[in-house]
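*Asks:* Chains as they are written, first to last, in our numbering: chain A, 7 to 196; chain B, 72 to 334.
These aren't lab readings, by the way, just hints derived from the structure by calculation.
Keep in mind that the hints are not guaranteed to be accurate.
Not close to chain A: a few residues of chain B, all C-beta gaps over 12 Å, as computed [claimed, not checked]:
id, residue
1, GLU84
2, ASP129
3, LYS135
4, CYS161
5, PRO186
6, PHE188
7, ASP192
8, GLY211
9, TYR236
10, GLU257
11, GLU271
12, PRO272
13, LYS275
14, HIS279
Now the stretches of chain A that chain B is said to cover, found in silico as 3 or more residues with beta-carbon under 8 Å [as the list claims (entries may be wrong)]:
id, region
15, 52-64
16, 141-152
Keep in mind the model is a prediction, meaning the values are calculated, not measured.
By construction, the Cβ of each residue, glycine as well, lies at the ideal position given by its N, Cα and C atoms.
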Amino acid sequence: MLKLFKKSKEKIPKSEIITEPKEPKTPPVSKCGKPLLLDNSRWERRLHKELMSLIKEPPPGVTVDTESVQQNLSEWKINIKGFEGTLYEGEDFQLLFKFNNKYPFDSPEVTFIGNNIPVHPHVYSNGHICLSILTEDWSPALSVQSVCLSIASMLSSCREKKRPPDNTLYVKTCNKNPKKTKWWYHDDSV
Amino acid sequence: METFKANDANRDELIMQQQREIEKEISDSTPLVSDQLPLTCLKAEYNGDDIFTAKIQDLAKRYKYMRRTRPDGNCFFRAFAYSYLEYLTCNSHAYQEFLRLAEGSKDKLIELGFPSFTLEDFHETFMEVVKRVCPKSSAGASEIVQTELHKVFNEQGYSDYVVVYLRLITSGQLQEDANFYQNFIEGSFTIEEFRHQEVEPMYKESDHIHIIALCTALSAGVRVEYLDRGEGGSVKTHDFPEGTDPKVFLIYRPGHYDILYPI
Numbered sequence: 007m008l009k010l011f012k013k014s015k016e017k018i019p020k021s022e023i024i025t026e027p028k029e030p031k032t033p034p035v036s037k038c039g040k041p042l043l044l045d046n047s048r049w050e051r052r053l054h055k056e057l058m059s060l061i062k063e064p065p066p067g068v069t070v071d072t073e074s075v076q077q078n079l080s081e082w083k084i085n086i087k088g089f090e091g092t093l094y095e096g097e098d099f100q101l102l103f104k105f106n107n108k109y110p111f112d113s114p115e116v117t118f119i120g121n122n123i124p125v126h127p128h129v130y131s132n133g134h135i136c137l138s139i140l141t142e143d144w145s146p147a148l149s150v151q152s153v154c155l156s157i158a159s160m161l162s163s164c165r166e167k168k169r170p171p172d173n174t175l176y177v178k179t180c181n182k183n184p185k186k187t188k189w190w191y192h193d194d195s196v
Numbered sequence: 072m073e074t075f076k077a078n079d080a081n082r083d084e085l086i087m088q089q090q091r092e093i094e095k096e097i098s099d100s101t102p103l104v105s106d107q108l109p110l111t112c113l114k115a116e117y118n119g120d121d122i123f124t125a126k127i128q129d130l131a132k133r134y135k136y137m138r139r140t141r142p143d144g145n146c147f148f149r150a151f152a153y154s155y156l157e158y159l160t161c162n163s164h165a166y167q168e169f170l171r172l173a174e175g176s177k178d179k180l181i182e183l184g185f186p187s188f189t190l191e192d193f194h195e196t197f198m199e200v201v202k203r204v205c206p207k208s209s210a211g212a213s214e215i216v217q218t219e220l221h222k223v224f225n226e227q228g229y230s231d232y233v234v235v236y237l238r239l240i241t242s243g244q245l246q247e248d249a250n251f252y253q254n255f256i257e258g259s260f261t262i263e264e265f266r267h268q269e270v271e272p273m274y275k276e277s278d279h280i281h282i283i284a285l286c287t288a289l290s291a292g293v294r295v296e297y298l299d300r301g302e303g304g305s306v307k308t309h310d311f312p313e314g315t316d317p318k319v320f321l322i323y324r325p326g327h328y329d330i331l332y333p334i
């Protein structure tokens with residue numbers, strides 16, 4: 007269960023300018039000079055589809071804050087309930103999903119937000135979650151729904167409410183974006 | 072203590088930044104799939120290296136051209152898809168059979184438990200690509216189809232969707248015949264973990280097990296020529312599955328696959 011964190015600093019480093027350029031005004035062009043017609047609308051289409059499905063057939067305990075999505079399709083707030091019979095029974099949590107236009111090739115950025123951050127060995131007090139499918143084990147075949155299910159299952163299987171052992175240091179030094187943390191995943195059994 | 076922490080954090084940032092710079096350099100300098108190049112272009116990479124030079128000469132007796140693929144961890148899947156579809160553009164009968172198999176693959180994956188929901192997008196785009204390279208019988212048509220193939224594979228929006236779909240097919244095959252494939256997995260990985268961690272995510276490199284599973288799922292034979300520093304003066308050849316009549320020819324150098332064209 008040890009997640010080794012490590013991270014970066016609060017201030018946005020210069021490197022980000024290189025790594026996450028603003029969307030260019032002109033359509034991006036592929037190596038052989040043909041415009042990439044598909045990409046722009048495609049991630050939105052996919053998000054719409056996921057949204058519809060999540061509203062129509064939400065997994066147990068999961069609800070989308072549709073108001074948040076209406077304002078901005080690339081940021082969703084999702085409410086998630088602690089299941090009965092688990093350490094989190096009766097608690098309500100909120101997740102923030104942020105997507106970019108490379109979704110679903112890029113994983114969503116997912117954090118707990120709000121007043122109640124679950125006390126869990128894989129959840130830092132700033133809401134960052136150590137879960138491998140959110141970074142290196144992300145696959146485009148996963149979805150918002152599968153991420154919610156993984157997080158729900160991570161909470162349900164917890165046997166002792168406590169913060170990660172490196173919480174204080176991590177929260178002090180990490181980047182605001184958890185995807186900028188180079189996580190070390192150790193034990194999935196918690 | 073503070074200083075130590077800051078250094079640690081900075082180092083992480085630097086590592087990630089360097090990694091992104093390397094990735095960017097690769098994507099700027101290497102197309103997803105290159106034009107056909109003479110096989111002898113490999114020699115320049117190993118100038119003065121006797122072992123490699125001898126092996127490239129050996130390889131040149133059987134292959135005339137190659138296409139490079141971008142070394143992004145998806146190279147096996149991309150090279151395989153390109154090469155197999157290129158074969159199909161000139162083989163109407165095999166194309167029709169593949170079309171049927173590809174059409175049916177989605178339902179099969181759904182039966183295996185893949186979420187139809189995310190699968191649909193990838194299948195749809197995959198089928199669109201397959202249909203765009205349908206063999207045509209009119210004069211000069213095969214060149215047009217091959218140009219189309221090359222164009223599609225260099226558009227990331229299509230090319231990566233094809234890669235994802237092949238990864239899912241591979242994963243489905245591993246699941247379907249889990250007892251068999253479990254034997255190939257080292258360590259304490261279960262098939263389930265292996266599929267989710269080493270097959271389905273993009274950019275994860277392929278090993279024999281990926282190749283065997285994909286070839287089996289698509290009934291497509293692949294020959295891989297291994298060019299490495301090993302003894303013997305000739306490249307090692309492996310066919311997947313064994314005894315197959317290969318339609319796809321790839322060269323493997325540690326960590327990377329490119330496409331070959333037999334003489």
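*Asks:* Now, for every hint given, state plainly whether the structure supports it.
*Replies:* Structure-based check of all given hints:
Look at GLU84 (chain B): its CB is around 4 Å from the nearest CB on chain A, not clear of 12 Å, so calling it non-interface is violated. The non-interface label for ASP129 (chain B) is consistent with chain A: the shortest C-beta to C-beta separation is roughly 31 Å, beyond 12 Å. Interface exclusion of LYS135 (chain B) from chain A stands, the closest Cβ pair being 23 Å apart, more than 12 Å. Here CYS161 (chain B) stays apart from chain A, with its beta-carbon at least about 22 Å from theirs, past the 12 Å limit.
Distance to chain A contradicts PRO186 (chain B) as a non-interface residue, since its nearest Cβ pair spans about 7 Å, not more than 12 Å. At roughly 6 Å, the least C-beta separation between PHE188 (chain B) and chain A is not larger than 12 Å, which violates its mark as non-interface. With a least CB separation of 6 Å from chain A, ASP192 (chain B) falls inside the 12 Å interface cut-off, contrary to its annotation. No beta-carbon of chain A is positioned within 12 Å of the beta-carbon of GLY211 (chain B); the least distance is around 21 Å.
The Cβ of TYR236 (chain B) sits about 9 Å from the closest Cβ of chain A, inside the 12 Å cut-off, so the non-interface label is violated. At roughly 18 Å, the least C-beta separation between GLU257 (chain B) and chain A is larger than 12 Å, which holds for a residue marked as non-interface. Its beta-carbon lying about 4 Å from the closest one in chain A, GLU271 (chain B) breaks the requirement of being farther than 12 Å from that chain. Residue placement check: PRO272 (chain B) does not keep its beta carbon more than 12 Å from all beta carbons of chain A (closest about 5 Å).
Distance check for LYS275 (chain B) against chain A: the nearest CB is about 9 Å away, which does not clear 12 Å, and the non-interface claim fails. The Cβ of HIS279 (chain B) lies farther than 12 Å from every Cβ of chain A, with a closest approach of about 21 Å, so its non-interface assignment holds. Counting residues of the region 52-64 of chain A whose CB lies closer than 8 Å to any CB of chain B gives 4, so the stated coverage by that chain holds, three being the minimum. As drawn, the region 141-152 of chain A meets chain B at 10 residues by the rule of a beta-carbon pair under 8 Å; at three or more, the given contact holds.
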